[in-house]
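The hints should help you fit chain Z onto chain G, whose structure is shown.
So the chains spell out like this:
2 protein chains.
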Amino acid sequence: MTDGKSKVLPNIESALEACELKSGDTISFHHHLRNGDAVLNQVLAAAANKGIRNLTIAASSLFPVHAPLVEHLRSGVVARIYTAYMSGSVADFVSSGALATPVVFQTHGGRARAIEAGELQIDVAFVAAPAADEYGNLNGVDGPAACGPLGYAVVDAQHAHRVVAVTDHLQQYPLCPIDIHQDHVDFVVSVNSIGDPAGILSGTTKPTSDPLGLKIAEIASRVIEASGLLKDGFSFQTGAGGVSIAVAQYLKVLMERDRIQGGFAAGGVTGELVDMLERGLFRTIFDVQCFDLRAVASYRANRRHQAMSASLYANPHCRGAMVNRLDVMVLGASEVDLDFNVNVTTGADGSILGGSGGHADTAAGSKLAIVTTRLTSKLGPKILDEVGCLTTPGETIDVVVTELGAAVNPCRSDLLQHFQRAGIEVMSINELRDAAHALAAAPPPRNRDGCIVGVLEYRDGSVIDVIRSRL
Amino acid sequence: MTDGKSKVLPNIESALEACELKSGDTISFHHHLRNGDAVLNQVLAAAANKGIRNLTIAASSLFPVHAPLVEHLRSGVVARIYTAYMSGSVADFVSSGALATPVVFQTHGGRARAIEAGELQIDVAFVAAPAADEYGNLNGVDGPAACGPLGYAVVDAQHAHRVVAVTDHLQQYPLCPIDIHQDHVDFVVSVNSIGDPAGILSGTTKPTSDPLGLKIAEIASRVIEASGLLKDGFSFQTGAGGVSIAVAQYLKVLMERDRIQGGFAAGGVTGELVDMLERGLFRTIFDVQCFDLRAVASYRANRRHQAMSASLYANPHCRGAMVNRLDVMVLGASEVDLDFNVNVTTGADGSILGGSGGHADTAAGSKLAIVTTRLTSKLGPKILDEVGCLTTPGETIDVVVTELGAAVNPCRSDLLQHFQRAGIEVMSINELRDAAHALAAAPPPRNRDGCIVGVLEYRDGSVIDVIRSRL
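Here the protein sequences line up with chains G and Z, keeping their order. The numbering of the first sequence is the working numbering, which starts it at 9 and goes up by one. The numbering of the second sequence is the working numbering, which starts it at 9 and goes up by one.
By construction, these hints were calculated from the structure, which means they are not laboratory data. A quick note: this is a predicted structure, and the numbers were derived from the prediction, not measured. Some hints here could point you the wrong way.
Copies of one chain are not kept apart here, so a pair can be met inside one copy or by any two copies together.
[As the list claims (entries may be wrong)] Restricting the straight-line Cα-Cα distance to at most 25 Å, the calculated cross-link-like pairs of lysine to aspartate or glutamate (DMTMM-like) are:
(1) Lys214 - Glu403
(2) Lys223 - Glu439
(3) Lys375 - Asp357
(4) Lys260 - Glu433
(5) Lys239 - Glu127
(6) Lys375 - Glu433
(7) Lys214 - Asp11
(8) Lys214 - Glu28
(9) Lys58 - Asp468
(10) Lys375 - Asp11
(11) Lys13 - Glu403
(12) Lys239 - Asp11
(13) Lys239 - Glu142
(14) Lys30 - Glu79
(15) Lys386 - Glu233
(16) Lys386 - Asp347
(17) Lys260 - Asp357
(18) Lys375 - Glu28
(19) Lys214 - Asp347
(20) Lys58 - Asp33
(21) Lys13 - Glu124
(22) Lys375 - Glu142
(23) Lys214 - Glu142
The following block holds chain G by itself, in its conformation from the complex (with noise of 0.2 Å):
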C-alpha cells in the first residue's frame, strides 16, 4: 500500500475479502461504543454470509447489545472468545457451558501485553470509528457516534495483520484531530450506522442518592484523606458506578477546601473528572475511553484531556503504564473475601456478568487500592469466606469500604493508624463477613463440577482462576 489511493471499500464483505478473512482467523474490536455498538454484529454478520466459520473474537468487551454473537456461537462461525469483560446473552451462553472452548478472560493491560508480545496475533482488527476520511484517519469526536478517544482500538491497530475502520461519518481528507493515523489503517468501510449513542453513553454516570452507598462513598473519601495521599500532585481513578462518582464529589470538596491540586486523573472518564479538570483540581487527565458526553465534548476542546492507549493505561510489561503512577483507585465488587480477593467477573449463583476490565490493573498499580461494596446484595452476603471467581488478587487490594466501615488488608498495617486517628470506623475483614452473613442469608453452595467455560489470565498473563458452568 505505497500509493495515494482512496481506501474506501463498498461494505464490509469487501473489506472481509481484501483482508483474505478465513475459517480459524482471530479477529478484533473494540468497546468505545459499548451497549450501543452496531459494528461486531455486522462484521459476524458478512462474516456467517461469506460461509466463514471458527473464528476466534478478540474484543475488549461484550454487552447486551451483542446477543446476535450468540447465534454465531451456536452455528459454529465463532468458536473461541478472548474478552476483558461480558455481559447479556453471550455471556449467560456462555455460563451455560454451551460453547465448546472456554472463554479467556483477560485484563485490559493484560490484552495489550498479549498484542504486543505476539501472544495473542489478530489477523482483521475492526475499528468502530466515529469519523474516519478515505485514506484511514479516525477519531472519536466527530460524528454521529462521537465516544472520546480509542484508546483500546489503539493497540490492535498498531499489531493486527490488516486494519478495518467502518465508520458512519466518512469525512474530507485529511482528518482533524486525529486519534489512530492512516499509517495503521488499511481499509476503510461507510455503513449507515456504528452505533446507537443512547447505548454508548449508557454507564452509570451520576452520583448514588441510595443513603447507603453514599456512606460508603464519605467513609472511603475519609480513607483517601486520612491516607495521606490527598496533596498536590494527587492522582485518581474511580469508575462510573454511582458510588464511585459519589467518592469524586467528596474528594471535590475537600480539594477545593485544602487548595489541592492533583497531577492527573484517569479512567474510564467522567463529566465528574472533567468538573475537577474545569475547576483546577487536577492539572491533565489521560482517557482510555469516555463514560458519558461531557467527557466526549472534553477531550474535544481541552487539550488537558488527553488521549491514552491501552498499553499506557495498564499493560505491565510497557515502559510504565499509567496505573504505576495512580496515587488512589476507587472499585467495585461483587464478592470480596477474607483474603481481600475480589470477584467483579461472576455473581452470586456463578453466572458470568462481568469481569476484569482494569479492574486488576489498577488494584496492581495504586498506592492505594479501595474497593467501595455493600455488605449484601439481593442474592446474599458479598463479603464471603471465599470468592467464587478470584478477578483481582487480595494482596493488590488496600483496604475494603462498606457502609459499616473499612476493613485494611493485614499487609497494609501502615494505614491502620492512620484510619483510627482519623475516626474512620475501622473493622476487621472477618467482623465485615459475620455482620455481612448476620444481613442475609448465604446462598446454597455452588456447583463446583461443571465443566470450565472460562479461564481468567491475570495481567501478566498467568491463569488466576476457571470459571464453571453453572449446571
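Same frame as chain G, now just chain Z:
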C-alpha cells in the same frame, strides 16, 4: 519496569550503565535540534570515557556541531554510521576515505522502514527532550530548547531495545502536552543543556531576495498553477530554502485570489506554512520537524498543526505515508542529469554535503515533484549528463525548474501542453544542460577510483549508488 518509581538517573554515564551499553552496540539519535544539538556529543563523550568501542551510530542527520564525532571515529569509539544527511567535519572526514566502513545513507522514510522492519536494530535510542517528567513523558514544545514535534524520535522510541531521554527541562509529573509517552521511555537524564536554540533553528527561513531565485520560484508557482492540482484539497510540501519559501509566497497569492483551501501542508514546517494555515489556506499541517520558532509556537498552540512520526511521514512500507497524499513537492538539487536524476548528497567535487532526508520519499510520493535549481553554481554547471551521486531517481521527478525555464520529464508528457498553454517557458532537459554548460565551465572529471565511503539506500532499502573517496 512495572513500578511507578522515578526513571531519573544522575547523568549520562549512569544511563549507559543502566542500559548495559557495550562495545559493538547500535545507538540512535534524532536531529530536531539540528546544528544546535548537544546530546550526541555528550553521549559519545560518556561512551568514550567508559571505554566503549566499535559503536554504530544511527543518527537521522548529522550537522557541523557534531564535529567531535570525528575524533570518536578516529579512535574507534564509533565504527559505523547510518544517517539520512551529513554536513560539516564528519562529512569531510568520511569523504576523505578515513572511515573503514562505508556510511549507509538512508532516506527519512527508509530509516523508519528499516527500524520498523527490524533491519536496523537499535540497542539504545537517545531522545533529546526539550521537556520531560521523571517518568519519561516527553515533549518538544517546552523549555529552552523547544523545537516542535519529535517526529523522527518517535520511531526510535517505539522500537529501540532501550530508550534514554536527555533533557534540560525536567517538569512536574505528568507533563502536558506529551509527544512521546512514558510507556516508551526507560530512563531520564537531566543535563545542563541539550542544545543551543540559535543552532536549532538555523535553516534558511526567509524567502530568497535574489532575482534569479525569485524567477525560479515564480516559474515554479506557475508550473503548480498550470498542473491543475491547485484546487480545493490541494496538498503541498516544501523545504526551508529561500527559493522554496518564495514558492510558498507566490502560492499564497494564487490561493487567496482564487479562494482555494488546501487540505494540508506537510514538512519540515516553516513560519510561511504556518501563515498559510492561519489564513485558512490549508486546513491542517502535518509536522515531522519545525524549522523555525513560529512553527514551534504554532504547533504548541494550534490543534490543526499536527505532529507526524517519520513513519507516518514517509515510510514506504507503512499502510499509507503522508507523502503518498502530496499533490506538490518542491525540492532542491545539487545536481540534476538528463534522466532527471537528482543528487543532493555530494557536491561538484564529489564531497559529501548532505543527503536525501525526505527528498527521495517526497519525490516518490507526490503527484508533482518539482526540482528548483539554478543552472550553475560557483563550482560549475548543475545540469549535467550524469549526476555524480544518485539520491533521487529521475522517474520520480516530474519537472525541473531553472531561471531559464522548466523541463518536463518525458514520462509526464501529459503536463507539457498544460504548461505550454499557460505560457510557461518549457525547454528540454538537454537544452537546460547546454545552457548551464554555456554559462560555466564543467569541472574536471571526478575521481572514480577512490574507495567506497558511502552506500546510498533507496527508501525501500535497495542500494542505488555508492560514494567514493575524493582521493
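Do the hints match the structure? See the list:
no.	hint	in the structure
1	Lys214 - Glu403	neither (31 Å within a copy, 62 Å between copies)
2	Lys223 - Glu439	within (18 Å within a copy, 89 Å between copies)
3	Lys375 - Asp357	neither (32 Å within a copy, 64 Å between copies)
4	Lys260 - Glu433	within (22 Å within a copy, 71 Å between copies)
5	Lys239 - Glu127	neither (40 Å within a copy, 48 Å between copies)
6	Lys375 - Glu433	within (21 Å within a copy, 72 Å between copies)
7	Lys214 - Asp11	neither (49 Å within a copy, 33 Å between copies)
8	Lys214 - Glu28	neither (45 Å within a copy, 51 Å between copies)
9	Lys58 - Asp468	neither (36 Å within a copy, 36 Å between copies)
10	Lys375 - Asp11	between (49 Å within a copy, 10 Å between copies)
11	Lys13 - Glu403	between (53 Å within a copy, 19 Å between copies)
12	Lys239 - Asp11	between (53 Å within a copy, 20 Å between copies)
13	Lys239 - Glu142	between (47 Å within a copy, 18 Å between copies)
14	Lys30 - Glu79	within (19 Å within a copy, 57 Å between copies)
15	Lys386 - Glu233	neither (31 Å within a copy, 74 Å between copies)
16	Lys386 - Asp347	within (23 Å within a copy, 82 Å between copies)
17	Lys260 - Asp357	neither (37 Å within a copy, 70 Å between copies)
18	Lys375 - Glu28	neither (46 Å within a copy, 30 Å between copies)
19	Lys214 - Asp347	neither (31 Å within a copy, 69 Å between copies)
20	Lys58 - Asp33	within (14 Å within a copy, 51 Å between copies)
21	Lys13 - Glu124	between (29 Å within a copy, 23 Å between copies)
22	Lys375 - Glu142	between (45 Å within a copy, 18 Å between copies)
23	Lys214 - Glu142	neither (38 Å within a copy, 35 Å between copies)
The structure is inconsistent with the numbered hints 1, 3, 5, 7, 8, 9, 15, 17, 18, 19 and 23, although it conforms to all the rest.
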